[in-house]
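Asks: Chains as they are written, first to last, in numbering that gives the first Met the number 0: chain A, 0 to 276; chain B, 0 to 107.
Everything labelled a hint here was simulated from the structure, so no lab data went into it. Backbone N, C-alpha and C define an ideal beta-carbon position, used for all residues, glycine too. Hints may contain errors.
[Unchecked claim] Straight-line C-alpha distance at most 25 Å; calculated PhoX-like pairs for lysine-lysine:
id, chain 1, residue 1, chain 2, residue 2
1, A, 208, B, 88
2, A, 199, B, 88
3, A, 156, A, 208
4, B, 96, A, 186
[Claimed, not checked] Example chain B residues on the side facing chain A (calculated, C-beta under 10 Å, incomplete):
id, residue
5, 44
6, 45
7, 48
8, 52
9, 58
10, 78
11, 80
12, 83
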Amino acid sequence: MSRETSLVTADWVAQNLNNPKVVLVEVDEDTTLYDQGHIEGAITFHWRNDLQDGLIRDLISKEKFEALLSKSGISNDTTVILYGGNNNWFATYAFWYFKVYGHADVRLLDGGRKRWELDARPFVTAVPTRTATRYVAKERDNSIRAFRDEVIAAISKVNIVDVRSPQEFSGELAAPAHLPQEGGQIKGHIPTAKNIPWSKAANEDGTFKSEAELTALYQGAGVDLAKDTIAYCRIGERSAFSWFVLHELLGVNNVKNYDGSWTEYGSLVGVPVALGA
Amino acid sequence: MRTCGATPGGPSLDGIDIKTQSVIQGVVLSTSAGDGVPNGSAITNAHVRLLDSSGEFTAEVPTNQEGQFRFFAAPGTWTLVVLAPGARKEIQVVATKGVPLDLVIELS
């Protein structure tokens, strides 16, 4: 868990486009982006169709994850490089997902599509064909995943970090400003949560800030990194971004992503809710 | 893309209740045509960031295949930061409910 083991640069990706051990996977919020153009050799996972169960609200099963990776030509010893649009929101969610199922070597392209585009690097539209494998996933690692009862029990006891925008935290908005206003049944935040928007961890070009800046960000907001931490947002993608910062870049072990997030918590009956900054 | 007489600006507002929304939208164009015409080719790989009045990040969208973007913001003063390969531009705007702000942003 460090920048060296979890992140690669655009230069590294450009130099490894033909590395047979490396598979690039694009995961976007806007799922039309891949078809418009992607990094040469990259495949894509659809965040909803491929990564959501579809019937129940949950991750896909271990067997379905194995089938997805097998048909995608990803082996257990593949170096998977994830990247995507919107500052890698959904790519970091996929990164967390790969970790839940125990993939050994998964990394993120620092800055994602945006850094690649701002460098004026090329995109292609050709979709690669890959030879199927027999991928074997591990059992889910729930040490990096928080569930609702644990979150309710965590109020006032462990760090709860709300990574949404200040307007969502205060209860003015139900969703990010560029999206339809849908989410939980009510607005607000989990009591005792600290609002540290995901965006504060990223540079303008989508790359992550330095470890010194990131440590100062969390400590400056009063987060004691020696304690357990739960990160949440609206649907678990932006909080995966902040989970990545804490768990992978800062090497904090006891961090969980609450992927139920506000759409779940804000719809629960009888749980405490706070409003305002 | 040359818009050739069409009104340059953001995506169509058809179907949007502009009375209840404070829309900030527009199109990002290249001035590289060099002919002084404001509606040069669309920049389709730009990223537009929306910062609030205190400079805090609020939202970001990539431009579409027509170089267009749109935000639904609250009324007030906002800063747009437009990023494209080799270019960066900041623009202060005021969003008003009922009057969509339609911008033509040129990058050299």
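Asks: Evaluate each hint against the coordinates.
Replies: Right, here's what the structure says about each hint:
no.	hint	result
1	A:208 to B:88	holds, 22 Å
2	A:199 to B:88	holds, 20 Å
3	A:156 to A:208	violated, 28 Å
4	B:96 to A:186	holds, 22 Å
5	44	holds, 5 Å
6	45	holds, 9 Å
7	48	holds, 7 Å
8	52	violated, 12 Å
9	58	holds, 4 Å
10	78	violated, 12 Å
11	80	holds, 7 Å
12	83	holds, 7 Å
Figure legend: structure checked against the earlier numbered hints; hints not met, in rising order: 3, 8 and 10.
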